[in-house]
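**Q** Here is what each chain is made of, one letter per residue.
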Amino acid sequence: MKIVVAGKGGVGKTTVSGTLARALAQEGHRVLALDADANPMLGISLGVGPEETDVLVSVRQGLEDGDSEHEPTIEGFVDRFGTDAPDGVRLVVASRIDKFDPG
Amino acid sequence: MSERGAIRVAVAGKGGAGKSTVAGTLARVLARRGHSVLALDSDTLPGLALSLGATAPAEPPLLAAAQQGDDGRWRLKKGIGPMRAIERYSVQAPDGVRLLQVGKHTDDGLKPVMGAVNAFYKVIHRLDEPSSLDRWAIVGDLPAGPRQLAYDWAPYADRLLLVVEPTWQSMLTARRIARIAGTPRPLALSLVVNKASSPAGVSQVETFLGMSALAVVPADDAVARAEHSGAAPFDAAPGSPAVSAIERLADALGSGSLTA
Chain A
3 MKIVVAGKGG VGKTTVSGTL ARALAQEGHR VLALDADANP MLGISLGVGP EETDVLVSVR
63 QGLEDGDSEH EPTIEGFVDR FGTDAPDGVR LVVASRIDKF DPG
Chain B
4 MSERGAIRVA VAGKGGAGKS TVAGTLARVL ARRGHSVLAL DSDTLPGLAL SLGATAPAEP
64 PLLAAAQQGD DGRWRLKKGI GPMRAIERYS VQAPDGVRLL QVGKHTDDGL KPVMGAVNAF
124 YKVIHRLDEP SSLDRWAIVG DLPAGPRQLA YDWAPYADRL LLVVEPTWQS MLTARRIARI
184 AGTPRPLALS LVVNKASSPA GVSQVETFLG MSALAVVPAD DAVARAEHSG AAPFDAAPGS
244 PAVSAIERLA DALGSGSLTA
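So the sequences go chain by chain: A and B.
Under the working numbering, the first residue of the first sequence carries the number 3, and numbering increases by one thereafter.
Under the working numbering, the first residue of the second sequence carries the number 4, and numbering increases by one thereafter.
Chain B extracted, bound-state conformation:
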């Protein structure tokens, strides 16, 4: 846990493992329990808005927060610090969750949204500055694979949730991520086994990674149907086995029984 005592997690794993499902549902659970929650989506193919039940803006709002100097470097505009960026450029999700997104890439790639990418990176590196954020829970959803951890895209987190489904590709990806995590600053690792369909599958993941699962989220048709219809699992499948498992994950994260 951070010195603040607030939950500060980033969620990583292979593509399709269920990172956004876990991150979005966890954010909603925490908010429903009364936490102020900042949800961060640093994927330029964003998925967290759907899992939260929020509407994603067409253009990255953070484009308006950035300006490019004569030297070509991007900066936050004068007067825009992390708190103001959140107030102005996040979108409201249900239960009062604030969602700050790096924004979608375009048909012309990342170039047209580089201002937003740079603004997002600067904001997430300054989230420890405003004291008004001290008690906020932060849940970040990272893009697939180890890339963003190699480039310091989760500086706000004191714990990384490795979301792993019982496949070799997912396990190997988690191991690659685990090897990078913890540089340049300490980062506790917790395993979330997702889409679990058998105890043997869970044991295989735990054995391979040498960690016990903090949460086991079962394969769940209700969640699959929610995602098929574009609805947030927390809204469309309340009380389902998967959503209940993520509620227990929230218990485990907030119980104070975790050791870093």
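Next up, chain A with everything else stripped away, as it sits in the complex:
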């Protein structure tokens, strides 16, 4: 199953997503938790820890900092940029805005 969670700020998207991911993992599913918020916090609800969540390397940052060769496969992305969360959930953070960048 593939689920997207959406809603207004503060209603509990991250709490629902993180808890759902953990519950599915405990039932034996392999779970990929994808944080597509530019202000990513899903790690906290998954149990990775607040300060740890705040410094997770995002896919965007990883690609900008690393070699220019892109990963050819989705599995490669998940391996390279993912983080292990409790119950075997694999967490991938898409991007995080952390500098002034007028475009």
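There may be inaccurate statements among the hints.
[Said to hold, decoys possible] Simulated DEER-style distance windows between Cβ atoms: (1) G99/B with E54/A: 45 to 51 Å; (2) E54/A with D254/B: 38 to 44 Å; (3) G51/A with G213/B: 18 to 24 Å; (4) G49/A with D224/B: 27 to 33 Å; (5) G68/A with S200/B: 43 to 49 Å.
[Stated by the list, open to error] With a cut-off of at most 20 Å between alpha-carbon atoms, the simulated DMTMM-like pairs for lysine to aspartate or glutamate come out as follows: (6) K125/B with E62/B; (7) K114/B with E62/B; (8) K10/A with D111/B; (9) K101/A with D155/B; (10) K80/B with E90/B; (11) K125/B with D74/B; (12) K10/A with D155/B; (13) K101/A with E53/A; (14) K125/B with D137/B; (15) K15/A with D56/A; (16) K101/A with E54/A; (17) K4/A with E77/A; (18) K125/B with E53/A; (19) K81/B with E132/B; (20) K10/A with D110/B.
By construction, these hints were calculated from the structure, which means they are not laboratory data.
A virtual CB, placed ideally from N, CA and C, is assigned to each residue, including glycine.
Once you've looked at the hints, dock chain B against the given chain A.
**A** Just chain B now, kept in the frame of chain A:
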């Protein structure tokens, strides 16, 4: 404070922290005290109108202010400067507050309202031009998270109010915003702890961010009920602990005792 001496603040924080509640109530408090107030909502999921007690237009009024050149770039139409844009395309909120909104995004996303988005961005970058605005207070409500500060969406502000509730998500968001704020121009930071339910929660936020709170707004059922019913807290919950705390925030901002 700005050289003008007028209050120029933008309000930022995590989603649900209470940015619109603080911004809308602060704007109403200032207006009730006799200030001319321009309220700015740069969120395409707008919430400030509700907190002000204004009616939001269905279509972004600023669409009419923009035109797209042959090069594809958006401009303000000829003859429309910042003052005229405010006169024509803002809506009236209670107590004489003028509300200028970027406008709602549509079911087809932002594309149909890109003219309004561009017009709004140009107007807020030219608010220092009309001398008739010099004495106006400006209160801007930013969308959740650090994104708009990274893209220079609060150029009118000389002070950023970080609205933080005592949760880790809210504190981390505020820290991310604080790291970006101040580029490319100086921006004083003030902490507003919202939905405070214990002194320990307030201390935790203050310690984490390394700032003392300029205002502590308590968790308040009267405000929650107002927001549940879609009414402005300033109208539906006058004298409530939260609204009173925002009145004290207005005192602190206008007292001249702030150091940048």
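**Q** So which of the earlier hints does this model not fit?
**A** 12 and 18
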